[in-house]
Structures are given as structure tokens and as C-alpha cells.
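Chains as they are written, first to last, in the UniProt record's numbering: chain R, 1 to 309; chain F, 1 to 309.
Hints are computed from structural coordinates only; laboratory data are not their basis.
Check before you lean on any hint, since a few could be wrong.
Heads up, the list lumps identical chains together, so a pair's fine if it works in one copy or across two of them.
[Stated by the list, open to error] In the PhoX-like style, the derived pairs of lysine-lysine whose C-alpha atoms are separated by at most 25 Å in a straight line are:
(1) Lys277 - Lys220
(2) Lys220 - Lys284
(3) Lys162 - Lys220
(4) Lys251 - Lys80
(5) Lys147 - Lys253
(6) Lys25 - Lys182
(7) Lys220 - Lys253
(8) Lys238 - Lys25
(9) Lys220 - Lys134
(10) Lys251 - Lys147
(11) Lys162 - Lys284
(12) Lys251 - Lys284
(13) Lys147 - Lys92
(14) Lys238 - Lys220
(15) Lys134 - Lys147
(16) Lys238 - Lys188
(17) Lys162 - Lys147
Just so we're clear, the structure is a prediction, and the values are computed from it rather than from any experiment.
Number of protein chains: 2
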Amino acid sequence: MKMAIRYGVIGTGALGGFYGGMLAKAGHEVHFLFRSDYEYVRNHGLQVESVNGDFHLSEVNAYPNTEEMPLCDVILVCLKTTGNHHLPELIKPILHAKSVVVLLQNGLGLEEDLSAQLPGVAIAGGLAFICSNKIGPGHIHHLDYGKLIIGSYNVPEQEILKQIVSDFQLAGIHSELSPDLKFSRWQKLVWNIPFNGMTVVLNTTTDRLMSNNQTRELSKELMLEVIHGANACGVPLKESLAQQMIDMTVKMKPYAPSMKLDYDHRRAMEIEYIYSKPLETAGKAGFEMCKVAMLEKQLRFIQAHLLDK
Amino acid sequence: MKMAIRYGVIGTGALGGFYGGMLAKAGHEVHFLFRSDYEYVRNHGLQVESVNGDFHLSEVNAYPNTEEMPLCDVILVCLKTTGNHHLPELIKPILHAKSVVVLLQNGLGLEEDLSAQLPGVAIAGGLAFICSNKIGPGHIHHLDYGKLIIGSYNVPEQEILKQIVSDFQLAGIHSELSPDLKFSRWQKLVWNIPFNGMTVVLNTTTDRLMSNNQTRELSKELMLEVIHGANACGVPLKESLAQQMIDMTVKMKPYAPSMKLDYDHRRAMEIEYIYSKPLETAGKAGFEMCKVAMLEKQLRFIQAHLLDK
Numbered sequence: 001m002k003m004a005i006r007y008g009v010i011g012t013g014a015l016g017g018f019y020g021g022m023l024a025k026a027g028h029e030v031h032f033l034f035r036s037d038y039e040y041v042r043n044h045g046l047q048v049e050s051v052n053g054d055f056h057l058s059e060v061n062a063y064p065n066t067e068e069m070p071l072c073d074v075i076l077v078c079l080k081t082t083g084n085h086h087l088p089e090l091i092k093p094i095l096h097a098k099s100v101v102v103l104l105q106n107g108l109g110l111e112e113d114l115s116a117q118l119p120g121v122a123i124a125g126g127l128a129f130i131c132s133n134k135i136g137p138g139h140i141h142h143l144d145y146g147k148l149i150i151g152s153y154n155v156p157e158q159e160i161l162k163q164i165v166s167d168f169q170l171a172g173i174h175s176e177l178s179p180d181l182k183f184s185r186w187q188k189l190v191w192n193i194p195f196n197g198m199t200v201v202l203n204t205t206t207d208r209l210m211s212n213n214q215t216r217e218l219s220k221e222l223m224l225e226v227i228h229g230a231n232a233c234g235v236p237l238k239e240s241l242a243q244q245m246i247d248m249t250v251k252m253k254p255y256a257p258s259m260k261l262d263y264d265h266r267r268a269m270e271i272e273y274i275y276s277k278p279l280e281t282a283g284k285a286g287f288e289m290c291k292v293a294m295l296e297k298q299l300r301f302i303q304a305h306l307l308d309k
Numbered sequence: 001m002k003m004a005i006r007y008g009v010i011g012t013g014a015l016g017g018f019y020g021g022m023l024a025k026a027g028h029e030v031h032f033l034f035r036s037d038y039e040y041v042r043n044h045g046l047q048v049e050s051v052n053g054d055f056h057l058s059e060v061n062a063y064p065n066t067e068e069m070p071l072c073d074v075i076l077v078c079l080k081t082t083g084n085h086h087l088p089e090l091i092k093p094i095l096h097a098k099s100v101v102v103l104l105q106n107g108l109g110l111e112e113d114l115s116a117q118l119p120g121v122a123i124a125g126g127l128a129f130i131c132s133n134k135i136g137p138g139h140i141h142h143l144d145y146g147k148l149i150i151g152s153y154n155v156p157e158q159e160i161l162k163q164i165v166s167d168f169q170l171a172g173i174h175s176e177l178s179p180d181l182k183f184s185r186w187q188k189l190v191w192n193i194p195f196n197g198m199t200v201v202l203n204t205t206t207d208r209l210m211s212n213n214q215t216r217e218l219s220k221e222l223m224l225e226v227i228h229g230a231n232a233c234g235v236p237l238k239e240s241l242a243q244q245m246i247d248m249t250v251k252m253k254p255y256a257p258s259m260k261l262d263y264d265h266r267r268a269m270e271i272e273y274i275y276s277k278p279l280e281t282a283g284k285a286g287f288e289m290c291k292v293a294m295l296e297k298q299l300r301f302i303q304a305h306l307l308d309k
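Given the sequences, and given the hints that come with them, work out the whole structure.
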């Protein structure tokens with residue numbers, strides 16, 4: 001018989017609000033960390049507008065800090081990676097000996113960094129294929145998709161991950177267990193690297209990048225570089241994935257990836273884990289991702305001048 | 001004894017107004033083609049504000065089209081290359097059997113294209129190292145520098161080019177004869193390719209690109225690609241030129257290259273001759289300028305959306 005999992009959600013924004021909200025709606029015990037929205041959610045609850053049906057949670061286990069939270073079996077980290085240096089202090093108060101931390105974040109090398117800071121803690125990674133935004137205090141707007149892939153970094157027993165996936169599935173989330181987290185992370189980068197950066201540098205949206213021949217070509221070239229970078233690291237992504245992702249993006253509604261939203265709102269961009277770590281990792285394996293490196297430098301410049309414009 | 005050269009200036013803007021104005025001021029016979037400024041200059045003359053001393057030409061041989069101009073010995077083409085498809089029709093009315101056309105324009109392959117359209121015509125190239133802007137009708141502002149390098153493409157006798165250089169020198173312009181036009185054109189591209197494109201894509205000026213470590217590095221990487229592209233084409237530019245140009249640019253006053261001004265004013269950008277032709281030429285010689293190619297595609301996208309923003 002399964003034990004009920006007690007979930008903690010660190011960072012209740014577009015992702016944490018949606019996925020955590022779906023689990024809570026399905027009857028799971030979920031404890032949510034809020035920052036600026038804490039007071040609002042305590043008074044008004046959490047509102048999720050979703051393509052799959054809107055819902056409202058009036059009773060939310062909301063906390064302004066993790067010290068007040070109970071110990072959690074599964075800790076879903078849904079923060080931007082730009083705040084990951086705060087993770088150890090944030091997580092420690094709710095860790096028990098068998099807790100699993102799931103980094104629901106984009107990029108590469110996240111689990112390695114956290115594991116170095118919290119040795120012995122069981123860590124998994126999660127990849128969300130979702131269009132979701134926070135549009136107001138305690139107010140999430142889920143626009144499209146929603147698939148969640150979870151994979152072990154150093155989790156000793158797969159049972160707990162299987163149960164998480166099962167909990168998400170029963171809560172109405174398309175969820176899968178990845179047999180190879182590294183593969184899944186690189187695979188997602190094949191999309192994230194061209195479109196996060198290019199929508200920022202060219203101040204545009206995916207549909208325009210796709211309807212222009214030059215940028216559609218360049219997007220595919222960037223994807224192929226990432227695939228070759230992955231290959232150099234022993235990750236067997238196929239070149240054909242590039243054209244598949246281009247075709248998919250051509251069909252997508254006009255979309256501004258999360259980095260573009262961060263740029264538009266003058267927030268720090270996730271350059272480190274989406275660009276610098278993959279570049280470093282592929283570089284160590286002997287492959288220089290030339291165009292990705294150029295995009296990273298352009299983004300670093302834009303980041304440095306973000307407050308000037 | 002030297003014959004006096006009759007000069008024609010096709011396109012009296014920042015460059016044509018300054019260089020042609022200096023020749024006219026020195027007493028040379030210069031005929032100027034104007035477009036929108038024709039009426040103004042006929043009534044008010046040409047005003048040149050220059051770091052080397054302001055001057056005003058009250059009597060200007062101004063024309064609204066080349067049909068009304070006399071035949072010219074030397075035709076200085078000072079138009080943007082984006083209008084080069086009009087060159088044959090513009091030039092024909094003022095050509096005689098011994099005319100020399102000097103393309104005072106940036107980029108690569110200009111002389112080849114014109115020569116294919118006007119077989120047998122003597123063509124030279126000119127490279128202007130100058131900061132100059134047109135700031136009003138018949139009103140030129142020369143901010144800095146001014147060196148002019150002229151080199152033969154297919155001019156049968158070097159004497160005429162020597163005399164042009166001598167005329168410019170006596171008119172107060174630092175002018176030199178290039179023994180190798182191809183070398184000089186590639187050399188100038190080493191600066192133009194990174195800074196024209198990057199100031200547009202990142203919407204900035206040279207000083208900011210230089211004070212940011214990432215873009216200073218990227219500028220040098222782009223320069224090295226151009227140098228290697230030139231090398232593949234048999235042009236012996238040295239790698240050390242990249243660092244020299246970086247050092248020079250670090251010392252320069254904040255500067256917006258001509259492509260950035262075109263972008264700011266929502267005018268067509270000279271992508272074809274500054275990016276596409278060098279890429280094509282190096283590519284045919286077996287060298288792919290990977291980052292230059294990326295910059296070109298970004299510029300093509302920006303050009304296509306220039307009127308949206």
C-alpha cells in the first residue's frame with residue numbers, strides 16, 4: 001500500500017501554482033511557499049485559470065517562509081534558477097532523511113550544483129512543457145500544454161518517483177518518468193536555447209522567428225549545435241529532432257518563452273543554467289557550440305544593460 | 001603636366017558632401033547630384049561643419065538628376081549600397097570613354113557587380129575612415145577622422161588614381177592609394193562587420209560594446225572570423241589586427257556606425273555587401289564564418305521587421 005506523500009512547493013508562481021494547485025485540488029497535502037503573494041493568498045486563496053478548466057482553492061497551506069512549514073516528503077522547487085544560490089537555506093528547514101527534492105527548472109547542471117551544497121540529499125529533476133503565467137497575486141493562467149517529465153539524479157529508490165508521477169497523472173497532469181534525466185534536460189535545451197535567447201535578442205515572439213526564413217534557419221542551426229553538443233557529452237539526441245521541433249514551433253500559437261517575459265519585466269534572466277552550463281559542459285567534452293556561445297554573450301550584454309533601456 | 005579632373009559626386013550626403021565639398025573648396029570642378037536637398041542647396045548652398053574647420057559653398061554645381069550633369073572624368077559614388085541596382089542608369093549619362101567610377105562604399109563585391117552591369121568601364125573602390133553625418137538639407141557634420149583609401153579594380157592606368165589621391169591630399173584629406181583593393185576592403189570589414197551589426201542587434205553604441213567583457217570578446221571573435229575568411233580568400237590579414245582594432249575602438253568616442261543610424265532612422269541597412277557577399281565569398285573559398293552568418297540572419301530579421309517596431 002502506498003503512503004500518502006506530503007508535498008512542499010518552493011516558489012508558487014506560474015509553475016508551482018499550477019502543478020501544486022492541481023495536486024491540492026486532487027486531495028493531496030500540499031504546502032506552498034509564497035513570497036509577495038502570501039497575505040493575498042491567505043485571505044483570498046489561489047485562483048487557477050486553465051485551458052483544462054478553471055478552479056479555485058480557498059483553503060491553501062500558505063507560508064511566508066520555510067521555517068514555518070512542516071517537513072515534506074517531496075519538495076517541488078519551482079523558483080527561477082537565478083535564485084538557486086538561496087536553495088540550501090530555503091530547503092533545509094523542510095528536509096527529512098527520506099525527502100526528495102525535485103528541481104522543476106530549466107537548464108543543465110542544476111542537480112550537480114545543489115548536490116554539492118546538500119550532500120546526501122536525494123535529488124530529481126523535472127521538466128515542464130507548459131505555457132503558464134502568473135497574471136496577478138495568487139492568480140495563475142495556464143494557457144496550453146502541461147506535460148511533466150521527472151527523472152532521478154541520485155534518488156536511491158525509484159518507487160517514490162513513480163508515486164509522484166502517478167499522483168500527477170491522477171491529478172490530471174500528463175506526467176512521465178524519464179529513464180535518463182541528462183537526456184531529457186538536453187532534449188529540452190534543444191528548444192529552449194534558440195527560442196529563449198532569440199526572442200530576447202530580437203525582441204520578438206516564436207511565430208515571427210518562424211515566419212522569417214533567416215531566423216527559422218538560424219533556430220534550426222542553433223538546435224543542431226545543441227544536439228551536437230549533447231552528442232559530444234554522450235547523449236544520443238538525433239539530428240532529426242531539430243526539424244521536428246521547428247515543425248512543432250511553426251504550428252504553435254505566438255509564444256514568448258519565460259526568458260522573454262523576464263526580459264520584458266526587467267527581471268534577471270536564466271542565462272547561467274540555460275546557456276553557460278551547457279556551453280561549459282559541451283566545451284569540456286570537446287565541442288564548441290559557436291552560435292550558442294554568441295547568443296550567450298549577446299544575452300549577457302542585454303542582462304547587464306537591462307535597467308538602462 | 002596634369003589635366004584638371006572634372007569630378008561628379010553621385011549622392012551628396014555625409015560622405016559625398018564632405019569629400020566633394022572639400023574638393024570644391026580647394027578649387028576643383030565638382031558636380032553634385034542631389035535628391036531631396038536639390039532645391040535647398042540651389043538656394044542656400046552647401047554647409048559643412050567640420051572638426052578641421054567649418055566652411056560654406058555658396059555656388060554649388062547642383063543637379064536633381066544625372067541627365068543634366070556634364071560628362072565627368074571621375075565619378076565618386078557616395079550612395080548607400082542599398083541603392084546600387086540604380087547605379088548603371090545613374091552613371092551612364094555622365095560617363096565618357098576614359099571616366100573612372102570610384103565606389104566610395106563599404107562592403108565586398110561592389111566593383112564586380114557594377115563591372116558586370118557596365119562592362120569595360122574603369123572602376124575603382126574607395127574606403128572612407130570617417131565619422132560624418134548629414135544633419136539637415138545641404139548640411140554636413142564631419143565629427144572625426146577622414147582618411148580616404150582608393151584602389152583600382154580594373155583601372156587601366158594608375159596615373160588617374162594617383163592624381164585623385166593627390167587632389168584629395170591637396171584639398172586637406174588624408175588620402176592614400178591602396179596597392180590591393182581586395183585587401184583594403186577585407187581589412188575594413190574586420191571593423192565594420194562586428195560593429196555595424198552588433199550596435200543594431202543590441203541597440204547600442206561602440207563604447208558600451210567595448211566596456212562589457214562579453215561583447216568585447218564577441219567583437220574580437222567576429223573580427224578573427226573575418227580575418228580567417230579573408231585568409232581563405234588569399235588575403236593575408238594578420239590575426240593581430242583584431243586586438244589592434246579592439247584597442248582602437250576602446251579609445252574611440254561613443255560611436256553609432258552607419259548601419260545603426262540607418263536602423264535608427266528606419267532606412268534599409270547595407271546587409272548585402274557588408275555581410276552576405278563576404279559570407280558568400282569566404283564560403284566559396286571553403287571557410288564558414290559561423291558567427292558572422294548568425295549576425296547576418298539576425299540583421300535580416302530586424303530589417304524585415306524594421307517598420308513594425
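For each hint, the structure was consulted:
1. For the identical chains of this complex, Lys277 and Lys220 are neighbours both inside a copy (21 Å) and across copies (22 Å), given an alpha-carbon limit of 25 Å.
2. Taking the closest pair of Cα atoms, Lys220 and Lys284 come within 25 Å of each other both inside a single copy (23 Å) and across two copies (22 Å).
3. Within a single copy, Lys162 and Lys220 get their C-alpha atoms no closer than 34 Å, and across copies no closer than 50 Å, so neither meets the 25 Å cut-off.
4. Proximity of Lys251 to Lys80 under the C-alpha cut-off of 25 Å is found in neither arrangement, the shortest distances being 27 Å within a copy and 39 Å between copies.
5. In the homo-oligomer, the alpha carbons of Lys147 and Lys253 lie at most 25 Å apart inside one protomer (17 Å), although the nearest pairing across protomers, at 52 Å, exceeds that limit.
6. For the identical chains of this complex, Lys25 and Lys182 are neighbours neither inside a copy (31 Å) nor across copies (70 Å), given an alpha-carbon limit of 25 Å.
7. In this homomeric assembly, Lys220 and Lys253 come within 25 Å of each other (Cα to Cα) only inside a single copy, at 19 Å, whereas the closest approach across copies is 38 Å.
8. For a Cα distance limit of 25 Å, the shortest separation of Lys238 from Lys25 qualifies neither inside one copy, at 39 Å, nor across copies, at 67 Å.
9. Taking CA atoms no more than 25 Å apart as the test, Lys220 paired with Lys134 passes in neither setting, with 30 Å inside one copy and 41 Å between copies.
10. Taking CA atoms no more than 25 Å apart as the test, Lys251 paired with Lys147 passes inside one copy only; the shortest distance there is 18 Å, against 52 Å between copies.
11. Taking the closest pair of Cα atoms, Lys162 and Lys284 never come within 25 Å of each other, the shortest separation being 33 Å inside a single copy and 55 Å across copies.
12. For the homomeric pair Lys251 and Lys284, neither the shortest alpha-carbon distance inside one copy (36 Å) nor that between copies (35 Å) is at most 25 Å.
13. In this assembly of identical chains, the alpha carbons of Lys147 and Lys92 never lie at most 25 Å apart, being 28 Å within a copy and 66 Å across copies at closest.
14. When the C-alpha separation of Lys238 and Lys220 is checked against a cutoff of 25 Å, the pair qualifies only within one copy, where the shortest distance is 13 Å, while the shortest distance between copies is 33 Å.
15. Taking identical chains as interchangeable, the C-alpha atoms of Lys134 and Lys147 lie at most 25 Å apart only when both belong to the same chain, with a minimum of 18 Å there against 56 Å between chains.
16. Taking the shortest alpha-carbon separations for Lys238 and Lys188, only the intra-copy value of 13 Å comes in at or below 25 Å, while the best inter-copy value is 41 Å.
17. Taking the closest pair of Cα atoms, Lys162 and Lys147 come within 25 Å of each other only inside a single copy of the chain (15 Å); across copies the shortest separation is 72 Å, beyond that limit.
Of the numbered hints given earlier, the model fails hints 3, 4, 6, 8, 9, 11, 12 and 13; all others are met.
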